[in-house]
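Participant: One letter stands for each residue in the lines below.
There are 2 protein chains.
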Amino acid sequence: MKTALIQQPFNIDKETTRAKTVEMVSKAAQLGAELVVLQELHQGPYFCQYESTDLFGLAEGYEEDIVFWSEIAKKDSVVLVTSLFEKRAPGLYHNTAVVFEKDGSVAGKYRKMHIPDDPGFYEKFYFAPGDLGFEPIDTSVGRLGVLVCWDQWYPEAARLMALRGAEVLIYPTAIGWFDADSEDEKRRQRDAWITVQRGHAVANGLPLIAVNRVGFEKDKSGVLDGIRFWGSSFVCGPQGEIIAQASEEKEEILFCDIDLARSEEVRRWWPFLRDRRIDAYEGLLKRFID
Amino acid sequence: MKTALIQQPFNIDKETTRAKTVEMVSKAAQLGAELVVLQELHQGPYFCQYESTDLFGLAEGYEEDIVFWSEIAKKDSVVLVTSLFEKRAPGLYHNTAVVFEKDGSVAGKYRKMHIPDDPGFYEKFYFAPGDLGFEPIDTSVGRLGVLVCWDQWYPEAARLMALRGAEVLIYPTAIGWFDADSEDEKRRQRDAWITVQRGHAVANGLPLIAVNRVGFEKDKSGVLDGIRFWGSSFVCGPQGEIIAQASEEKEEILFCDIDLARSEEVRRWWPFLRDRRIDAYEGLLKRFID
Numbered sequence: 028m029k030t031a032l033i034q035q036p037f038n039i040d041k042e043t044t045r046a047k048t049v050e051m052v053s054k055a056a057q058l059g060a061e062l063v064v065l066q067e068l069h070q071g072p073y074f075c076q077y078e079s080t081d082l083f084g085l086a087e088g089y090e091e092d093i094v095f096w097s098e099i100a101k102k103d104s105v106v107l108v109t110s111l112f113e114k115r116a117p118g119l120y121h122n123t124a125v126v127f128e129k130d131g132s133v134a135g136k137y138r139k140m141h142i143p144d145d146p147g148f149y150e151k152f153y154f155a156p157g158d159l160g161f162e163p164i165d166t167s168v169g170r171l172g173v174l175v176c177w178d179q180w181y182p183e184a185a186r187l188m189a190l191r192g193a194e195v196l197i198y199p200t201a202i203g204w205f206d207a208d209s210e211d212e213k214r215r216q217r218d219a220w221i222t223v224q225r226g227h228a229v230a231n232g233l234p235l236i237a238v239n240r241v242g243f244e245k246d247k248s249g250v251l252d253g254i255r256f257w258g259s260s261f262v263c264g265p266q267g268e269i270i271a272q273a274s275e276e277k278e279e280i281l282f283c284d285i286d287l288a289r290s291e292e293v294r295r296w297w298p299f300l301r302d303r304r305i306d307a308y309e310g311l312l313k314r315f316i317d
Numbered sequence: 028m029k030t031a032l033i034q035q036p037f038n039i040d041k042e043t044t045r046a047k048t049v050e051m052v053s054k055a056a057q058l059g060a061e062l063v064v065l066q067e068l069h070q071g072p073y074f075c076q077y078e079s080t081d082l083f084g085l086a087e088g089y090e091e092d093i094v095f096w097s098e099i100a101k102k103d104s105v106v107l108v109t110s111l112f113e114k115r116a117p118g119l120y121h122n123t124a125v126v127f128e129k130d131g132s133v134a135g136k137y138r139k140m141h142i143p144d145d146p147g148f149y150e151k152f153y154f155a156p157g158d159l160g161f162e163p164i165d166t167s168v169g170r171l172g173v174l175v176c177w178d179q180w181y182p183e184a185a186r187l188m189a190l191r192g193a194e195v196l197i198y199p200t201a202i203g204w205f206d207a208d209s210e211d212e213k214r215r216q217r218d219a220w221i222t223v224q225r226g227h228a229v230a231n232g233l234p235l236i237a238v239n240r241v242g243f244e245k246d247k248s249g250v251l252d253g254i255r256f257w258g259s260s261f262v263c264g265p266q267g268e269i270i271a272q273a274s275e276e277k278e279e280i281l282f283c284d285i286d287l288a289r290s291e292e293v294r295r296w297w298p299f300l301r302d303r304r305i306d307a308y309e310g311l312l313k314r315f316i317d
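Going down the list, the protein sequences come from chains A and B.
Just so you know, the working numbering puts the end of the first sequence at 317, numbered straight through with nothing missing.
Just so you know, the working numbering puts the end of the second sequence at 317, numbered straight through with nothing missing.
Bear in mind the hints are in silico, worked out from the structure with no lab data behind them.
Among the clues, some could well be false.
Which bits of chain A does chain B cover? Going by a derived footprint, with three or more residues having C-beta under 8 angstroms, they are [stated by the list, open to error]:
1) 42-48
2) 175-182
Label-pair distances were calculated between CB atoms; the ranges are [claimed, not checked]:
3) A:ASP286 - B:PHE205: 38 to 46 angstroms
4) A:GLU292 - B:LEU300: 29 to 37 angstroms
5) B:ALA271 - A:GLU309: 46 to 54 angstroms
Taking beta-carbon pairs under 8 angstroms as the criterion, some of the chain B residues facing chain A (in silico) [to be verified]:
6) ASP130
7) GLY131
8) VAL133
9) ARG217
10) GLU292
11) ARG303
12) ILE316
Even glycine gets a Cβ: it sits at the ideal position worked out from N, Cα and C.
Produce the complete structure using the sequences and hints provided.
Facilitator: In structure tokens form, the structure reads like this:
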């Protein structure tokens, strides 16, 4: 599965940023990519750094966005994983990954299920928790387990996609550092982010794609300085082995040829799904067991 | 929590191996360890390389083993995590971690829940699946989430221990390479083993201790050459950061001072437990969802 990950900074406004994305998707397609994955909320800034009712306006374009990216997928004949701000009804919004087929049709969508809320990442204000569950999306290149950002810290999400037959796990993401953090703390955070996802690949015997944004985005509220997104988009194989990784600071297209057949081989050696103790997992349905 | 991991090869017979373990536990205690963790089935060879009814005889000493290790824990005044071959009833055996308190009393036990069965690791023949669930064990040094080897590939096991209030995850282990594997494959396997466990630490905001055996053990059945256990025992913190790691080939006591209070700090930054979608996890109780 010839794959391209588009890692880029937000640039001035939606039109300029989108134009750059379109150019990169087109280049990726020309160089043979069949699957192209974009980063989280790739059309605009990471607007969740502060809470403002005005910013819901960014979701007004959702229907037009669907048409727009559908045309790009069709023009370049690629399966395209986008990440959009969905307006579903007045006052009801989601953080939604929409996957387009090579002919421009919508293959499926996934509404982010786990919603974070930390200083600088006020997503619970903007996004209602997803209600489509953890359902893989069938496409001409494979059955895609599309999840979004905060989901990547949850083994449950990856496992449910695997149990529903996903052939690859895919995470559009927006994560970065605060410049005020120590270098040690920054390393620990980035390593933890890579490690937990590689762990999902291992536990499920699946390849995994994570696409993160890059560059600095100022906190316009002035409360914090802003977030420096750490890039580092990567692809790992079903043993968690890194097979491609982008830089921490640069805009780039990361190409990777993913061998979906390898999962069968790895799962024969490490048949983890066989031995799950489903008779003893009921506690997983509780918040805490006390 | 001053901790010592005892990584050692099987040496000639039970008595010789045990004498060495006792010496190392004593040394660890003298140097300040309050918690000492032994590797999987540390009293003997890793006997599951082939299936033989005679080998159930190794479990006949279980009651005596309990007395033996109780006395060691008491003598050295340490909390001691052992891994024993339990005879529970005629024809019924478990792979059981028994934890002793500093006064020699049994703090609790854990019967291995996930049982592997691969060429060279015929554990389903020897061990009935555990029936004590994923329950942490309270001790004077903390609430210990003791799991065993194959469990380490299952995020469900780590999560359940965390949900039941474990303060640290602990894995006595016996894992190694076949010499015939390529160097690349060996690296991938060892890295996957480390990565998936570090992932559990990250996902649950808990420190983690893994103690693996070391050295080569011949397959006496002659079917395979044998297993070269890769050591590499390690401790990581609640962001998955490695804080101590042993060699791949040497017998050693690995010391590590674990700060249990750090989990509270890390979980405030990364409050993963808060956002779990327990309304959408029911599929985890199924073998596969088709």
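Participant: Any hints this thing doesn't respect? Which numbers, in order?
Facilitator: 1, 3, 5, 6, 7, 8, 9, 10
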